[in-house]
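Visitor: Single-letter residue listing:
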Amino acid sequence: MRKLPVSLGEITREGIWALRALGYSYFIADRATRLVVWTEAVHQTGLKFLRIGNEQLRKLPKGGPLTTVDISDNSRLIDGGGRSILELGPPAIDLTTAASRKGSFGQSVIWNINGLCLADALSEIAISRDLGVILIYRSGMSEIRGSQFSRSGWLASFRHGENLHTYSSSLNEKTGAYLQHLSETALDLDKGSVNKLLENLNLAKTEKAAEDGYLSISITPVDQNWLSDVNEKKQGLPEVDYTRRLKKAEKQGVMADHKDFLNLYSLEYETWAPTSERSKKQAAF
Amino acid sequence: MILNTSKNDFQLRTNQDSELSTCTTSEPLTYPSGEPPLPHYLAQVVRSFTGAKGVSEVVRWLRPPSACMTPDALGAFKASRVSFSQSLARKMINERWRIELKCFETNQEGESSGWYEIQAGRHNLTFALRSFAWDGIEKVGRRADGPLRDLLGVLFVGKASKDRIKKELATFDARAENELRTDATVAGWNPANRSVRFFDYTVDSLASGRQPDLAYLASGGGYLLRNGGFQGSGRNGSLSFEGYAADHPLKHPYFADLFGLYMIRQVSIDLVNSLARERNPQAAQLSPEISKFIGVGNASGQGMCVAMQRWPHWIASWVTTRELCLAYAKSKSVTAETARTDKLVSLISRARRHFELVKLESEEFVTSRSRIASELGIIRDWVEDITQSLNCSETLWGDVVTRCEENFSRETVEQLGSLLIEIFPEFADAVAEYLPIAARLHRDVIPEMEVSTLKEILRLRYDWALRCNMFKDGSRQHFWYHSEDNGEQRRGERIIDPHEEFESFIDHIGAVQRLASTLAEYHNHCPVAEVIADEPDLAFIISRVQYLANVPFSEIRGNLIDREFIPAQLIRFMLSSLGMECASPLSVQYVRGVFFQGMPTSDELALGADPDWLFPSISKLATSETELK
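Top line first, the protein sequences correspond to chains G and H. To convert, note that position 170 of the first sequence is 170 in our numbering; the numbers rise steadily by one, no gaps. To convert, note that position 183 of the second sequence is 1183 in our numbering; the numbers rise steadily by one, no gaps.
The hints are simulated quantities; they were obtained by calculation from the structure and are not laboratory data. Yeah, the Cβ is synthetic: ideal placement off N, Cα and C, and Gly gets one too. Hints should not be assumed to be uniformly reliable.
[What the hints assert, rightly or not] Residues on chain G that point at chain H, a partial pick, calculated with CB under 8 Å: (1) Ala98; (2) Arg101; (3) Gly103; (4) Glu250.
[To be verified] In silico SDA-like pairs for lysine to any residue, Cα to Cα no more than 20 Å straight-line: (5) G:Lys259 - H:Arg1181; (6) G:Lys251 - H:Asp1247; (7) G:Lys205 - G:Met141.
[To be verified] Rough simulated footprint, nothing fancy, chain G against chain H, three-plus residues with beta-carbon under 8 Å: (8) 1181–1190; (9) 1227–1236; (10) 1240–1252; (11) 1435–1445; (12) 1480–1486; (13) 1532–1539.
Working from the sequences, and respecting the hints, build out all of it.
Guide: As C-alpha cells, this is what we get:
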C-alpha cells in the first residue's frame, strides 16, 4: 500500500474543509477537525475514518441541540440521535467540564452516537483544561467500521505537573478493576462517583450499547498533591504514551495511506467554487 | 486570566501561561479607553524601563482601538522595528548568520539550480532553488498560479545532502499543484517570479559590462524577483510549526517564511550575475551597493483577510507591540536625549528620499509617496525648530505626533510613528520578544462561565460590533470562498455568486450579534456550556470572545463583508506587520511591495553587518550610477 508523509498542520488546514464537504458547518468543523488530527497522530486512523466514513458521514443526521434526556447530580443523559462524535463530542465535554467545576465530578452519557473511533481524542480537550478525564465507549450497529478502528475501549488521562498520564485499552474483564483502582487512587474520587463510573462501564456492556453506540464522559479536577506518588499507583495499568506519539507526529508528520490522503483533498475540492469569469477577474492585477 | 475594567472585575479561568496572563498587581496597566491591562510580559518590560512611577506616563499615550483598529487605520500602518522581517534581520545580523553559496549552475536556456548552506546560530539550514527558462509571460504570483512559477526555492531544516536536494528539486517537475509533495525535513517552498521590466534589464546591463541604473530599478520598487507566498507550515507535507524544536531560530512566527524570502532576494542577485556570466564570461557583476539596494518583491491577495480573522490574537499582538512602542516614544521629551533626536532627523531625511525615489506601481487607495515625502520634510523642520526653541524641554514626542495628526495624512503620521519607534531601539527590541509569546495563546471554550459574564464581556469589548448596523443596504454584500483555481480565496457577491454555503469565516460582527441575541434567551447564571449544547455552532464565537476578553487590540473594528470594505487595507496592514515597504495595491484585493531593501547581503552578514539598514541612501547611488552611464 502506497504511503506518503502528511503533516498535522496540513490535516488541520484541509480537514476543516473536508468536514464541511461532509455537511458540517465551519463552526462545528473548527472543533471537530482536531479530533481527526489527534486520532491520525496517535492512532493513524483519522484520515482513514474520513475515507471509509465518507458516504455514511454525509448521510448522518446533523445540526440542532444536544438532546438531554435526563439530568441529575452533575450527570446528564444525552440522546445523540445518531449523529457523529464530531458534532456531539466537544459540546458534551463542555457540559461535563461545567458540571465538574460545579460539583467536582461530572459525567455525561451519550446513547445513539457514531464515529467512536475518534473518542480518545476528546481527552485532549479536558486535559488542556487541567482536568482528569475517563472515557468509556462502545460502537453500535450503525457505526462507521474500519478494520483498524477501535470498536470499544476506555481511556483515563490526567496531568501531573509536566507529565501526562494516560491509560487505555479495549473493554475487557479487567477494565472494571483498572477503573476502580484509578478512581480510588490517582483520581481520588468519592465512593458515589466511583460507583457511577462502574455503572457507566456496565452500561457499555449492555446489548443496547452494542446496538445504538455508547459514550460516557467523566471529568474531575485533579489534586496535584495527591498525585505526588502517582508512579507507585499505576502498577499493572495499561499505560500508553500518547504525548510522545503526538510530539513525534508534530515533528515528523505521519505516513498516511495514499487513498486516505487523496480522499482528504477530494473532499476539500468539493468546497471550491467553480471558476467563472467574474471570479477570474479577481486573479488579475 | 483577569478582565479588569473600571466597573467590573471577574475571574476567567484559562490554562494560559504566566507571560500571557494580564497584569494583576495593585496598579494594573489599564488603558484610558477601558481596554484590558497589558499582558504580564509587556507590563514587566514597561516597568523595567520606566520604573513603577513612569508606567502611567506611557500608558496614557496608548491610542484607543477606535483610533487604530479600523481597516482604514490599520491600512495606514508602516513597517517598524517590531515588524517580523526587521526582527529576523536583527537576529541574522547579531548572530552573524553565514550563508554560503555551494553551487549555482545555469544553462543557455536560462534554467538554473543551486543551493546554499546556512549557519543560523547553532543550527544548520539549506536553501536550494530551481529556476525555469523564461517563457515570456509575467505571472501574477498568486495561489491560482499553482506551481507555474519562474523559480521555486526550498528551505530545508538542517543540512541537506546532495541527493536530498536533487530529489526535492526534481519534485518541481510536477507542474500540477496536487502532485507536489515534500516531507518534514523541509520548512517550506518559496515560489517566485521575475519582474518583467527589471530582471532582463539587469541581466542585459551586466552582460554588457555595466551596472544597471539604480534610479530606473527604484522606479519599479527595486526588486528583480517577486515572491508569491510561502508554502510551508505543514503545506504539501512540510514541517508543521509545532514541530520545530523550542530553540530553533525558525520557531518564531513568520521567520521561516521571511528567511525564505530573504533567500529569494539573495538568489535574485546570484541569478542575474550567473545568467549574465553565462551570456558573456566578461559580464559585470552587481556591485555590493546595488546588491544591497535590491529587495525582494512580494504579492499578496485577499486570502490574508481570512487568515487575519482566523487568528485575531496574532493581529492583537502585532498592534499591541507597535502601539506600546509608539506610546513609549510619545511619552519621551523631544530634547531629553539629543542623539535620539538627531537620529530621528536623519531617519526622516532618509525616509523622505526613499519616498521620493522609489515609485509605486499604483497609488490608488493610498496616500501618494510624494505627499508623504513632502509632509515628512515639514515634520523634520518642525523637529529642528523645536530643538532650537527655548521651551523645548516641555515638548514630548506625543505632542509632535498630535500636531502631525491634525495637519498631515494618516500614512505620514504612521510613518513618523515607525521612525519614532526606531529611535528607542532597546525598548522596541524588548517588546518584540513578546510576539512569539503571544502566538502561544490558545482558543478554547470556558464552559463554566456564566451567561452574565459573557454578556458583560460583550458589553465592554464588543459594544462597537453590537452597534454596527448589519441590516443596511450592502452591509452583507460579500462573502469569501475558495475558487477552483488552486483554492485561491476570492470574494463573491451574495445571491449572484455560487458556493455561499462554503464561505470562509470572515463575518465576526455577525457572529457576535448572533451570540448576543441568543444569550438574551438565557438565565444569567446559566453556564455557557448549556448555550453550546443548544447551539453547538456558537462554540466558535463564544471561545473567541472568551479568549480575547483580556487581549488588548483584539478585533478589527470593521465589517469585512460590507460593500464598502477594501480588502487591500487589511492586506497592507498584514504586510507592514511582516515588514513590507512600499505596499502598493494594484487593485482592491491585490497588494505588491518589497522586503529587505537595504538589508545586508550574505557577504556582509558574515563580516558583521551594519544593523542600520532601513531606507538605503539611494539618491547618492543613483547619481553615481547615472554618472557612470
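Visitor: Of the numbered hints stated previously, which ones are contradicted by the structure, given in increasing order?
Guide: The structure conflicts with hint 3 only, although it agrees with all the remaining ones.
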